[in-house]
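For this one, chain F is given, so just place chain A on it according to the hints.
Chain order of the listed sequences is F and A. The numbering of the first sequence is our numbering, which starts it at 1 and goes up by one. The numbering of the second sequence is our numbering, which starts it at 309 and goes up by one.
If you are wondering where the hints come from, they were derived from the structure by calculation, not from laboratory data. Just to be clear, a hint being listed does not mean it is correct.
Said to hold, decoys possible - Some but not every residue of chain A turned toward chain F, in silico, with C-beta under 10 Å:
#  : residue
1  : Trp328
2  : Val335
3  : Leu382
4  : Leu383
5  : Gly407
6  : Gly557
7  : Phe558
8  : Val560
9  : Gly563
10 : Cys564
11 : Ala567
12 : Thr572
Claimed, not checked - Pulled from the structure, derived: some chain A residues nowhere near chain F, Cβ distances all over 12 Å:
#  : residue
13 : Glu339
14 : Asp344
15 : Pro381
16 : Arg408
17 : Gly409
18 : Arg436
19 : Ala465
20 : Gly466
21 : Glu499
22 : Asp500
23 : Arg505
24 : Glu512
25 : Pro553
26 : Gly571
27 : Glu588
Please read all numbers here as calculations on a predicted model, not as lab measurements. Heads up, the beta-carbon is just placed ideally off N, CA and C, and yes, glycines get one too.
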Amino acid sequence: MGQAVDLGVHCAGLACANPVWAASGCCNYGRELAALYPLAELGAICVKGTSLLPWRGNPGPRIAETAAGLLNAIGLQNPGVDHLLAVDVPWLVEQGATVVVNIVGRTVQEYVAVAARLAEAPAGAIGAVELNISCPNVREGGLQFGADLRAAAEVTAAVRAATALPLLVKLSPNVTDVVAFAAAVERAGADGVSLINTLLGMRLDASRRRPVLANLTGGLSGPAVKPVALRMVWEVAQAVAIPVVGIGGIASGLDAAEFMLAGASAVQVGTAIFADPRAPLRVRDELAAWLCAQGVGAAREIVGAARD
Amino acid sequence: MREGGRPLEPHADGRQRSAWLEEQAEVRAHERRGLDWFDLRLHAPQIAARALPGQFAQLQVRPVGPAGAGLDPLLRRPLSFCTLDPGRGEISVIYRVVGRGTALLAEAAPGQRLSLLGPLGSSFPDPRRAPARPLLLVGGGLGIPPLACAAAWALAAGRPTRALLGARTAGYLAGAAEVAAAGAAVTAVTEDGSAGRRGLVTAELAEVLTAEADVWACGPAPMLSAVQALCRQHGAGCWLCVERPMACGFGVCIGCAVARADGTGYLKACTDGPVLRGDEADLAG
Numbered sequence: 001m002g003q004a005v006d007l008g009v010h011c012a013g014l015a016c017a018n019p020v021w022a023a024s025g026c027c028n029y030g031r032e033l034a035a036l037y038p039l040a041e042l043g044a045i046c047v048k049g050t051s052l053l054p055w056r057g058n059p060g061p062r063i064a065e066t067a068a069g070l071l072n073a074i075g076l077q078n079p080g081v082d083h084l085l086a087v088d089v090p091w092l093v094e095q096g097a098t099v100v101v102n103i104v105g106r107t108v109q110e111y112v113a114v115a116a117r118l119a120e121a122p123a124g125a126i127g128a129v130e131l132n133i134s135c136p137n138v139r140e141g142g143l144q145f146g147a148d149l150r151a152a153a154e155v156t157a158a159v160r161a162a163t164a165l166p167l168l169v170k171l172s173p174n175v176t177d178v179v180a181f182a183a184a185v186e187r188a189g190a191d192g193v194s195l196i197n198t199l200l201g202m203r204l205d206a207s208r209r210r211p212v213l214a215n216l217t218g219g220l221s222g223p224a225v226k227p228v229a230l231r232m233v234w235e236v237a238q239a240v241a242i243p244v245v246g247i248g249g250i251a252s253g254l255d256a257a258e259f260m261l262a263g264a265s266a267v268q269v270g271t272a273i274f275a276d277p278r279a280p281l282r283v284r285d286e287l288a289a290w291l292c293a294q295g296v297g298a299a300r301e302i303v304g305a306a307r308d
Numbered sequence: 309m310r311e312g313g314r315p316l317e318p319h320a321d322g323r324q325r326s327a328w329l330e331e332q333a334e335v336r337a338h339e340r341r342g343l344d345w346f347d348l349r350l351h352a353p354q355i356a357a358r359a360l361p362g363q364f365a366q367l368q369v370r371p372v373g374p375a376g377a378g379l380d381p382l383l384r385r386p387l388s389f390c391t392l393d394p395g396r397g398e399i400s401v402i403y404r405v406v407g408r409g410t411a412l413l414a415e416a417a418p419g420q421r422l423s424l425l426g427p428l429g430s431s432f433p434d435p436r437r438a439p440a441r442p443l444l445l446v447g448g449g450l451g452i453p454p455l456a457c458a459a460a461w462a463l464a465a466g467r468p469t470r471a472l473l474g475a476r477t478a479g480y481l482a483g484a485a486e487v488a489a490a491g492a493a494v495t496a497v498t499e500d501g502s503a504g505r506r507g508l509v510t511a512e513l514a515e516v517l518t519a520e521a522d523v524w525a526c527g528p529a530p531m532l533s534a535v536q537a538l539c540r541q542h543g544a545g546c547w548l549c550v551e552r553p554m555a556c557g558f559g560v561c562i563g564c565a566v567a568r569a570d571g572t573g574y575l576k577a578c579t580d581g582p583v584l585r586g587d588e589a590d591l592a593g
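Bound-form chain F, shown alone (with noise of 0.2 Å):
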């Protein structure tokens, strides 16, 4: 690691000691990672999405390979805010994890009950909600906010007001213009936006002649969909005020810089994690030497330094 670049960024009110997150639904509650790293290295990390009560998830196949991608459609399983708030957010203090909980629901209430619970949390375990409107693969409390901007605004404004917590709003692609969604929210009373969630998708198996995954369409992330995410962090970076969480594909320093330098003040790594657990620390690593190599004193030097 470059020792003389300072990688500490702040983020929507995050202090991060580095802007290498893992993303959700990449990295479950930290238990499986943490048996490989400290989770304390990670910039933060993005726990499962959570909802107010245990979700079943979809039947399987969950998970199909494209190419350079990966489609899944999981269907946001989890055990629910009670087994977070008891079991998973006292360990990861523990750890000292810098910990952001994304937050899902079939409802506004839903959002917000989940929202509000989190003020359980002692004071400083979770460093900040994000907001979960863009999963692809459950009928409800995905893409009915996620690619509505009346509902994503709503949902958002109600989120705002039952937490404390810095609160990002993690967005879908799979809409005509992100821009609108980020602005929305942000007027809603985001701290932040992180994108992208993954592309609606599918496979299918010719020989069977039926699509691979039980859910038909999945979500598609990995490196294949990084220059759609590079793309919209760039417009959306220049249209909005807060600050930009870069996700889509980032698999090495130079994908974290790229997004960085689109104006992304902190980036996620997820998919790359499943074929490399240690990614996100590799990416900080490789992305200190860039800047080191580039003679860059800071890593918040960069961000959106390509619009300069």
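Only chain A this time, still in chain F's reference frame:
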């Protein structure tokens, strides 16, 4: 590479989980063995030292090199251990070329290094816990190879062990020689009669199964469902090594769902399994 140092709790029924790690394994031997299947022997001393039958490794299909793992194919390939030789620090896997990933893997040459994550998942139950109970190993097709180290483990524990192995044709009896080499009495059947008796391995099982036996099975889903039903009928012990599409293999993606028999949700094939108790999984769900 920092290893997965946290000891993982064994299951109450004796299935074991290991602390896992990433290891750059050297290809020691890599041979085409049948129609389209390959036998890959790797020097992976850290993984070999802690691996148990029924567990698996996630293999990067492209050798370690200056270009890195590459981004396509993106995912590792989960392969169950066929033989385990901790003394020589070696493990072997048998796989079939089914797509681009395994086709790339088939090009790996002796001396090259492959990145492995492992040992992952839950093993067959420790055979020393019931040393007198007869053990029936039931394997179908590419489900046969994992039974080779399972047979060796059971026989070392003094378990009376018999293997019933089936495949479509003789050319797909991959790993049957390894099961026999481990010392198990092998009955082979093929659907076309090209090796052993003609028929299904589950018909053989129905003839010999008793309540006193334990069954360890690995194979295609219809075979596992039939084994599960037979064990239930006879009151025999039943452990099924399942296969599901999975992305990570270590529990974070939640992709490899297997429905719980009690209807309360899903097990993960990667960490709860791949060896599941016959009474906990609803293979149709």
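Okay, the hints, checked on the actual structure:
1. Trp328: Holds: closest Cβ of chain F sits about 7 Å from Trp328 (chain A), inside 10 Å.
2. Val335: It is violated, given that the least Cβ distance between Val335 (chain A) and chain F is near 19 Å, above 10 Å.
3. Leu382: 5 Å, holds
4. Leu383: 5 Å, holds
5. Gly407: 9 Å, holds
6. Gly557: For Gly557 (chain A), the interface hint holds, since the closest Cβ of chain F sits about 8 Å away, which is under 10 Å.
7. Phe558: 5 Å, holds
8. Val560: Cβ of Val560 (chain A) sits 4 Å from chain F, so the hint holds.
9. Gly563: Holds - the Cβ of Gly563 (chain A) comes within 10 Å of chain F, reaching about 4 Å at its closest.
10. Cys564: Because about 7 Å separates Cys564 (chain A) from the closest Cβ in chain F, which is inside the 10 Å limit, the hint holds.
11. Ala567: Check passed: Cβ of Ala567 (chain A) comes within 7 Å of chain F, closer than 10 Å.
12. Thr572: Constraint on Thr572 (chain A) satisfied, holds at 9 Å.
13. Glu339: 26 Å, holds
14. Asp344: 16 Å, holds
15. Pro381: Contrary to the label, Pro381 (chain A) does not stay out of reach of chain F, its closest Cβ about 6 Å off (not over 12 Å).
16. Arg408: 9 Å, violated
17. Gly409: At roughly 8 Å from the nearest Cβ of chain F, Gly409 (chain A) sits no farther out than 12 Å, so the non-interface label is violated.
18. Arg436: Answer for Arg436 (chain A): holds, closest chain F Cβ roughly 26 Å.
19. Ala465: Given that every Cβ of chain F is farther than 12 Å from that of Ala465 (chain A), nearest at about 28 Å, it holds.
20. Gly466: 34 Å, holds
21. Glu499: 19 Å, holds
22. Asp500: 21 Å, holds
23. Arg505: 30 Å, holds
24. Glu512: Given that every Cβ of chain F is farther than 12 Å from that of Glu512 (chain A), nearest at about 29 Å, it holds.
25. Pro553: Its Cβ does come within 12 Å of chain F, the nearest being 5 Å, so this is violated.
26. Gly571: 10 Å, violated
27. Glu588: Consistent with the label, Glu588 (chain A) stays out of reach of chain F, its closest Cβ about 16 Å off (over 12 Å).
Checked against the numbered hints given earlier, the structure breaks hints 2, 15, 16, 17, 25, 26 and satisfies all the rest.
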